[in-house]
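Taken in sequence, the protein lines are chains A and B.
Everything in the first sequence is counted per this note's numbering, starting at 1 for the first residue and increasing by one.
Everything in the second sequence is counted per this note's numbering, starting at 1 for the first residue and increasing by one.
Rather than coming from a laboratory, the hints here were simulated on the basis of the structure.
Certain hints may be false.
[Stated by the list, open to error] Result set (DMTMM-like, lysine to aspartate or glutamate): computed pairs, CA atoms no more than 20 Å apart in a straight line:
| hint | chain 1 | residue 1 | chain 2 | residue 2 |
| --- | --- | --- | --- | --- |
| 1 | A | K12 | B | E450 |
| 2 | B | K78 | A | D88 |
| 3 | B | K387 | A | D75 |
[As the list claims (entries may be wrong)] Beyond 10 Å from chain A on every Cβ pair, some chain B residues (computed):
| hint | residue |
| --- | --- |
| 4 | K78 |
| 5 | E82 |
| 6 | K84 |
| 7 | L223 |
| 8 | K356 |
| 9 | Q362 |
| 10 | K387 |
The structure presented is a predicted model; accordingly, all values stated were derived computationally and were not measured.
Each residue gets a CB set at the ideal place from its N, CA and C atoms; glycine is no exception.
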Amino acid sequence: MIAKNTWVRIHKIILRPEERAENVPDDTKKVPFEMWDKGFLLAEANLGDEVQVRTASGRIISGNLLEANPAFHHDYGDFVLEILQIGDIIKTTMNGEPQ
Amino acid sequence: MTRDLSYAAVLSRKNAIMKSSVGIDYSRYETGKISFDYERLMKETGYDLTAIQAIQQAHGVGNTPLKELPNLTALVRKTAPEGKGARLFIKDEALNDSGSFKARRASISCYHAKKLGFEGVITATSGNYGAAVASQAAKYGLKCIIVQECYDSHGIGQPEIIEKARACEAYGAEVVQLSVGPELFYHFLCLLESTGYFNASLYTPFGVSGIETLGSELIQDCLRQTGRLPDRVVVTNAGGGNLTGTARGIRKTTDQPIEIVGASVNLKGLHMASDHDFNRKSFTTGHTGFGLPFMTNPDRSDVPRSAARPLRYIDRYVTVHQGEVFFITQALTLLEGIERGPAGNVSLAAAFSLAKEMDRDQIIVVQETEYTGAGKHHQAQLSFARKNGIDIRFGNPAEEIPGSSIILPQRVDLIQAVDLDLTHIRKSAIKNAIKDQRHLEKVDFAYLVEETNTTPDFVRETLRELQVDWEE
């Protein structure tokens, strides 16, 4: 159970595949048009429940409860050797050595 | 009474929603069957350069340094013909509050929204503009909603867009994230209608005139630092606002001709509305997927008449490959000690190539940089591409296939911008502008000449090809 006033992330289907615009490519038309948003939970609920939240702009919106206390986990990615090798190419060129 | 929120019903209310959310009655500027008075729209609804400078100066925007890049220039000269290799300069726009030139656009939109008494602002963007609007909205005490196209149908988000969401939330904004598809516009209209907030579109006169200061500053900076005007200015082109605003600012500051070059990343073959293709590109903006459609049909934007009209100002349009931009981003970091985001370096990659064909005493100015960080760093982007099955290797970038490979130049001389055919683009723009009209009025004809920055002869020839009649 996730307590009232917890900062949560919700998910909602905005348009089902059959409701999608005419001009979208076939691969996109096969999948629903989805939305994610965040807010403070208005009443205690379980993950997956349809809930209402108050967003950062003060709107009250509904959706399925996806995650409590959502955090950002994006980073600098994995090591990419080629980035170091770019440095070698630049140094070689600057030193005037044959490429 | 509840409003009909079906897709068709909301889109049918588009014009009314737009009119109340930007405070501009665009119908006042329509002049013929296809034409409108662009300059009058800009003059009557926007702000003049002096007013914009004052607004921006008071809100953490503008007066960014123009930096010479002597070491990158030296690298250009290592591969340029004898006597060639122009001096490279870069306008370090990452130093605006929120980290990109987009703060210039957001500053005027938010100022105007506040002046008109709106409670909040909304914008649809997956790029730096979201952080810019959120940052400026915070300064004015405006509520803010940013609408992003962010995830594919597997819930995988582009790291750069996720970083932008983080930045927007940091500035107190609500971020509505959507899956891939043009229906974003539908949801955006629903939000505008239900909140009554101001539409801080990139394409209003406010969103475009805010960049005029950038063009004006770079001319003054260059004159002050070098005693001469730049010969070329290179602008990353997507929706066309950056190029339009910069060129207008340049024209307001000098009457000397300065070549305006647009540059986009080549994403040929990738469909911008494809769920499958979405995470197979490493650039979320500044690419041909926006650059070409918006140049040939500027009014496809989210306002009835876009203030971004790049064909009126562009002298040359080049593309670069993703691998070249990543290479040059690392070169800027290593040689100049300036670590910036790859998306802002599209024009730098193009300028590096173009400098090779210019004399050594000439000056080429790159007019932006953007901040870098988690998700927005070239390592984050290359790593994400590799995880999505993109083949990353050294070779000749000309062989890069967007969505399949990223080819980093194995030699510096392989960095080579590719010219697009502006004549073809101008003809496409005329075709799109006339739609299904078979007879044009005199005012439409004059409009097409201005709109394409061509001659009456060029427009006549194109209209004949399209079997359209006209009056002069």
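Do the hints match the structure? See the list:
| no. | hint | in the structure |
| --- | --- | --- |
| 1 | A/K12 - B/E450 | violated, 46 Å |
| 2 | B/K78 - A/D88 | holds, 15 Å |
| 3 | B/K387 - A/D75 | holds, 14 Å |
| 4 | K78 | violated, 5 Å |
| 5 | E82 | holds, 14 Å |
| 6 | K84 | holds, 16 Å |
| 7 | L223 | holds, 30 Å |
| 8 | K356 | holds, 13 Å |
| 9 | Q362 | holds, 22 Å |
| 10 | K387 | violated, 8 Å |
Consistency with the previously given hints fails for numbers 1, 4 and 10, ordered from lowest to highest.
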